[in-house]
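S.K.: Dock the two chains into a complex; use the hints.
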Amino acid sequence: MKKETTRYGLLIDYEYCTGCFACEVACAQEFKRKAGTIKGIKVIEIEQRLSQTEGYLTYLPFPTENCVLCPHLTRKGGLPACVKACMASCMKYGPVDQLAKEMNRKPRLVLWAHR
Amino acid sequence: MRPKTNPTTSRIVRTTSWSAGPGCHGTCGVLAHIKNGKLIKIEGDPDHPWNQGRLCARCLAMTQYVYHPDRLTRPLKRVGARGEGKWREISWDEAYDWIEKEMKRIRREYGPESMIFTMGTGRDIGAWICMLAYAYGSPNVMFAMSGNACYSPRIAAVETALGDYCVPDASQWLPKRYDDPRYRVPQCLIIWGYNIPNTCPDNIFGHWFVDLMKRGTKIICVDPRMSWFACRAKKWLRLRAGTDGALAMGMLNVIVNHGLYDRNFVEKWTNAPLLVRSDTGKLLAARDLWNDAASDDFVVWDNKTKRPVAWLSSAVKTRTDARPALRGEYEVVLFDRKRISCKPVWEVFKQRIDEYPIERVAAITGVAARDIEEAARLFAGSKPAAVHWGLPIDSTPGITPTALAITDLWCLTGNLDVPGGNVFARHAFDAVSYALPGAEGVIKLATREMDEKRIGADKYGPFRKFIWRAQTDSVLDQIRSGNPYAVKGMWLQTGNLIAGIGFEPKKWQEALKKLDFVAAVDLFMTPTTQYADVVLPAASFLEKESVRSWWVPLQTINKAISIPECKPDVEINFELAKRFDPHFRWKTLHDLFDDIIKPSGMTFEQLQRKGFAFPPEGHPSAPYHRYKKGLLRKDGRPGFQTPSGLMELYSKLREEWGLDAMAHYEEPPFTPLSRPDLAKEYPLILGTGRRSAAFFNAEHRMIPWLRELDPDPVVEIHPDKAAELDIENGQWVWVETWLGRQRFKAKITIVVPPEMVMVPHGWWFPEKPGAEPSLFGAWESNINQLIPMNAQGEDGLGSPLKNLLCRVYKAVAEEQPS
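From first to last, the protein sequence lines stand for chains Y and G. Per the working numbering, the first sequence starts with residue 216, numbered consecutively. Per the working numbering, the second sequence starts with residue 349, numbered consecutively.
If we strip away everything but chain G, and leave its shape as in the complex, we get (with noise of 0.2 Å):
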């Protein structure tokens, strides 16, 4: 007879891995191996779709950092000056009063939008913080990056666009994965600046890509560093750092003027036909026409009867049935007898598209004009292809215009909503848990008005359309002036502000040291929590139970372990939610949670039985087609959406918020080109925030197993380059802008460009002293001192953080880190 095992000494908890702990935004599916309650083995889960058993190292060190000596265990209360480092173990029961009192009374005094609700990458802690700010009655949940500068913006362009969401399809929908018969693998995968194998962001597993490799799929690898994808890439497009959108524009121009489109999709699914008028520039309205018509009709040329027929924006169809033209100039007559010149949309973006002929592009880029026009060609050519793009995109001004010009490409080469092309990405079920860009969560603010005072909506259109948290730049100067009112207090949950995510670091110190009061919830403390008057110690994934719904699969988080004093995220903010809020809709978190997966017709426990689930076939969370079987739309109608329930190449939107509505390029505002002032003093572009398959982000610097394979802050220069200012491999260098300079360790490598250095984020030593004036070494190594707050673009959005100037030199013996 085989031995009993004992359940309670020794077990196996499958569940998902969602931040805190590895810090990516993916979702692998994890078998915990717990012994007399203590962790002591982590793998993955080979039942799961996801990561069919694989793991990264980060997850893999979990047994490091669950039980890491540093991490906080008790709730802190500051003792000393902020920075002094100097605190007070406290029990929960006095850190939720104190909290309690003081936020009651900010809001008692300043009205609640003067509480500032501040996180890092979202990850398990979206949903709960904007809980908690809802609940207290402010709007100013913040991203911390300057232009918000991290996949909203992308998320909110493509939707600009087309109404959703789109992400390239690595089956992730599909149960089945690479086998299910639905599915069919790209023949071409733009990789557009990811250096994707490392840490996963943007809720895709890397190396799903790398198995479509294996499976056929050919990639187009755009990137000015040699990444690993740009040496196995049939075609490497070397471009220069920032310039994405002039490339893109240049691929749609041999797309274009080539005939490699689909022109059925172009005729049938985009507004290519709406009548742009030629004295305004804007849409032609129907009202302009007929003063029957309703407001958000537009009007198409019919070259059956040679009439403006209107275009009916909610029926997604024309008034009578008609030929649109797509090309030419017409003479419409409006409504008060005025004549004037119209042009379709397509003939104004065909004009567009020609202000960007490769050569031009080439000039710009630095990418051969063939290089450009092959890349096109095989793009276009492969069916299916997809897009897939990374934070470089997010990084310049003009964000909106680039990421426009990239949709436009895989729509426009019939890769839209295709099995193994870009397909929309909305959350399994629609079970959306709070408002990301698009959608409306089960978390919510109370009443619109709340939502008034939120800091820069007023300002940038996006604000109030697509992205519900407050500007960043804006709140950094609304704290320093207390216009147009004041902000007296900042929640910050698992965001690390100084060494982190904010850029000037200095100035967000200086901005916390001005606030009445400040909590911080973190798992270890970090130079951004020596800030704060109470920290709270918060739990990883394997101590909480949570629910994930974003895009796929629905699942849950299972509690493997408990660390003594440490809680979730969600239970910290559930417990204050309930104080702050006499109406807080839910009693316990399981209500919470079955709240949120509701429309997936299962509890929180069902679910948790379950493991996961995937959207069926036919419903509007799962591919594919979807636009054209009416499954996008509220009303059930085909179509998008959008303003006129097409796909847009001509944003209605971007031309109500007095923005430029087709896609175009922006130089970004500190290059070679738009600055050679500067450039002369900084000749090397700077590019920061490479990743590192050992941290996500400012994380994981004290995880034993994971610092040592990535020990210090580096910066990357090409061999020519380091021999001409007498670099050596390993010596520490100076990197320095107009906003000052940083200590790295030269790292010599082929992989940069030899006009450019590549800087990683994120540095900080958890082994220094954490009070000032050290602040765990945050002034020595961080790049993000150097990157300019408030250089985002005309939308409030992004941040130019890839594409800056700098110079390097030698560090004396006397500079070098003891």
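Chain Y on its own, in the form it takes in the complex (with noise of 0.2 Å):
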């Protein structure tokens, strides 16, 4: 029987993200990608407009087809550099099926699986 790997992913915790950057600048720094380029990571800013007075402000670090999920760091332990650099502290890196568990405990919360 065919051994099944373990997938990785990020659960992002996109009510605390404050948008602040500095997961991309951290893997741009980890990766010296150009700036320019596709990071493994991207901030996206999704204003919403709820009603003429309301409105939500959202940030969201979506992880690009250039994520790799750091191996390089994580195999010793470490975690991915956009994750450690994190300022609010909104995502969590592990093994996917654990990291779903956790999407019961709160709202506003997206698991994102590494492909």
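Check each hint, because a few of them may be wrong.
[To be verified] Calculated lysine-lysine pairs in the DSSO-like style (CA-CA distance at most 27 Å, straight line):
id	chain 1	residue 1	chain 2	residue 2
1	G	854	Y	321
2	Y	307	G	389
3	G	854	G	807
4	G	807	Y	307
Hints were generated in silico from the structure; no laboratory data involved. Predicted model, so just to flag it, every value in this text is computed and none were measured.
M.R.: In structure tokens:
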């Protein structure tokens, strides 16, 4: 029987992402990615107009096609560069099946599985 | 066997990020990865209690910062006219010799005070620029913002009431932080005008408040913008820009009139019982009644004996045991037999509060009366609760009365110096490097007489008691007029007067051109350094040793790398200070650092090995309940370092300075209410200076990883207003006031209300030519050109940079940037 490999991912609590871009620059630094190129993570600002007077401002750190989840760091027990730097501590790294269990804990979470 | 790593080729240096570099006032612990002497990576130090491993975009971009091709790496001497951008590289020796010669000539011919020492926001420059100015003999150190309107006005206001400054307690005084059993998470936190996740100004790590929210803290957000906090707040009070003082008075009205305040605190620890004369409106002095009383004593009315009793300020108690009245009106007989009526401060304070019923406050602020009441009740009902405030408090000439009202809020609700409340912010171990508000540092002028010529100190009370800088607007006036004495030179250190901090910068440009001698110290050429005669290349925090004694923790900055020819600010100023002052006290930098941190009982090298240090419990610089324990006053008595020894709801100092002694609201000078005539021509409210996560003030525009995050100068416009003005997202538009117009890219967003636009500051374009007329594009999108100088308050403080008036319209095709 073929042994299933564990898939890793990120649990992102976008309620607390403040849009500080630390993750993007941490990724740029880690992989020496030039300005103007797509980093492994990109912060997206989502402005929600809910009524004439109400709104909600959301930032979502979105892992891109360039994200490799920093195996050179995680192999040694470290965290992916973006997770380590995150000023709001709103990203968690781990096996997706374990992270999925945390989805019940609170609203405004997204779980991303590495490709 | 594991291969040995050669320590000379690969190592990690643990240090503290305090500018130059990220730009902020914070003090994150960082790990600098060095390979072959070069910085290859920087990350947050997980063992540092301040940031706990986290690190911001600006610090993470340090590899691009330190090795930037545009960095200044040699002293430059101007060879063309000022602004012409022609320079010759010179050696450090030549630079030092020439600066020494020129500055000594100015000192000899005009006196040391004719040299101004100018900085942007302080950081690891404040102490060293003071050291140089004082060694030279000049008291004129200038923080170059109009009305000195960034932070020191708030500090001065709180010290006026409390004798010490306060900040919200996010457990930063406790090494174990949130897990320390002494700590309590605030149930409620007012974020008053603060976009704090961006740039961490004011020695606070912005994301601490995010940590607290995760631990249950409810937010009341006071902001005209729909900020990140506003969206997540339990209560968002979307006030009209600049009406913060009215809102605070309205909240006080609810709290006092509904009995939601801490009665014990009011009776025991505030000057509520002291009598105020009805004839003069001033505090009744004990000397008015008894000619043998001490000059600084006051009077209370004793309800037991129905007689006046002296309040002994130096003993912080009444002369005889008394039950002081807080309410009512009492007749007392003065020493000269005159009969006058008096009221306790609390009665007068209550009358003041009653001028602000919430319906009136709602009309001023635009916040619904019900929301004001609910917010006040939520704040007063939460134990503990705290307030954190931002620069908008300073951005009105009514800064001090506004800040007094907010100080009254956290004090009257029993949140002073309690875990999770607003705690006294003293420098760790009381190790103070230089004169900050309320503190006397190790670095000071040789004599008090030398301070007498400090510009503006004669006019403005707080500048004689708390703020040891020149008053900025008065300096500009004096450079232009030469009265009362001529200003002949300027030392400019890491401050961008033209593109970053100066308002009406063309006046500063003209002023710089007028001076005999201008020296600048910076890491990059800026529009401002174009006007210097000599520019010295400064080092980033990674290239220096230094000491950080600002609140907590006490720590060292440790050298990780060298960039040839760049020198730390402290080293440059130390060398010149030795040349100017034959009695200069220190032989080496380590002597200086040792002296500064002496109260900690450690030497610089010992502290360096330790990394950081927190004052122990029971030390005056460690929380909590210090006013009760007698830890604030020099004499060890319980109480405060104020004229009465009490928290002053009615400020004796303000009374002495001829200013209104209690919290109140002043309408800012350029609003639709105060200037309806201007509002007809300029119908939109103009707010300026909102922060960007990518930049600190005017810095970082040349750092590729940061610039790509926020590439253009923008103006935020509400979609409804944009539709009305026929403006589309991304279009270039003009923002115009009576002072001129500047060009910005429209960002259509619901973050601003329809009647207001917001324009970030500090824009110049390092990619454009530095010489005049371009001046790195400093005249294109520089919102400071539209902010008036000389709009400071009666006490010399504050500037209306967030509550102006403007109009906005599209730029036609030929007016778009190339």
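S.K.: Are the hints correct? Go through all of them and say.
M.R.: Hint by hint, here is what the structure shows:
1. Among the hinted pairs, residue 854 of chain G with residue 321 of chain Y is inconsistent with the structure: their alpha-carbon atoms are about 53 Å apart, more than 27 Å.
2. For the given pair, residue 307 of chain Y sits about 22 Å from residue 389 of chain G by alpha-carbon distance, which is consistent with the 27 Å threshold.
3. With a C-alpha separation of about 26 Å, the suggested pairing of residue 854 of chain G with residue 807 of chain G holds against the 27 Å cut-off.
4. With a C-alpha separation of about 56 Å, the suggested pairing of residue 807 of chain G with residue 307 of chain Y is violated against the 27 Å cut-off.
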